[in-house]
Amino acid sequence: MKIQEGYVVRKIGSKFYAVSVTRVAEDGAMIALNETGAFLWELLTEETDMDAVVQALVREYGIDEATARKDAEAYIQMLREVGALA
1 MKIQEGYVVR KIGSKFYAVS VTRVAEDGAM IALNETGAFL WELLTEETDM DAVVQALVRE
61 YGIDEATARK DAEAYIQMLR EVGALA
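In this text, residue positions in the sequence shown follow this note's numbering: the first is 1, and each later residue adds one.
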């Protein structure tokens, strides 16, 4: 899985925003990201799989694997719903 081409990420204050430059004219496709979301977004700019995402969360945030998997699955589901994953 991988983020679709055509998104830019910008930090405004303490928040990150991913904006689809190809869909902005259609529906203003913007995704607000917290720090963890931005971390995962960056990871997903390259082709990866769920296990790699989970392990990256475990390493970066020192959380257990079950929590990391649950959080990663929820995040990836949200990205699928908004059409951000290729």
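Do not rely on the hints blindly, as some may be mistaken.
[Said to hold, decoys possible] Subject to a maximum C-alpha distance of 16 Å in a straight line, what follows is the list of computed EDC-like cross-link-like pairs (lysine to aspartate or glutamate): (1) K2 <-> E42; (2) K2 <-> D64; (3) K2 <-> E65; (4) K2 <-> D49; (5) K70 <-> D49; (6) K15 <-> E35.
Don't read these hints as lab results, they were simulated from the structure.
All values derive from a computational prediction rather than experimental measurement.
Q: Quick one: which hint numbers does this structure break? Sort them smallest to largest.
A: The structure breaks hints 2, 3; every other hint is satisfied.
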